[in-house]
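I would like the entire structure built from these sequences, with the hints used as guidance.
Following our numbering, the numbering of the sequence shown begins with 1 at its first residue and continues without gaps.
Bear in mind the hints are in silico, worked out from the structure with no lab data behind them.
No false leads were slipped in.
Quick list of the computed label-pair ranges, beta carbon to beta carbon:
# : residue 1 : residue 2 : range
1 : N13       : A103      : 29 to 37 Å
2 : R77       : N32       : 43 to 51 Å
3 : A99       : N13       : 31 to 39 Å
Cβ coordinates follow ideal geometry from the N, Cα and C atoms, glycine included.
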Amino acid sequence: MTNGTIIAHLYPNAVGLADYALDAQGSIVAWNVPKLGPQPTPAEIAAAELPATKAASIAANRAECSRRIVERYPTGRQLSALAGLYDSANVATMVDWIAANIAAENTAADAIEAATTVAAVEAVSVSWPV
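Below you can see the structure in the form of structure tokens.
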């Protein structure tokens, strides 16, 4: 994970190049103290790597879960099922598959939250249902 990504995690309202700048090695070379407050130390950035990696991994998995669900069952079809326009067997199949995807994503999120190193977070994979 880059220092820029970690800074974005620590300061979600910061705008790269406007509020801070990094050199090619990822070191901070400019910092907007009035907007962001004191510049984080290298130790603070290093300490934020694990939480930032966890947040990014969970967000990526959630986005993939949503993408998979909407790709297979577009929103209009889901709403039609809720409105009772499909038979119960089709609705049950859809609900079970969506629930299985959410459960797979939640299981991965739990493993990510329990991880104690960046490598352990990166080793977590989601077992998506087919």
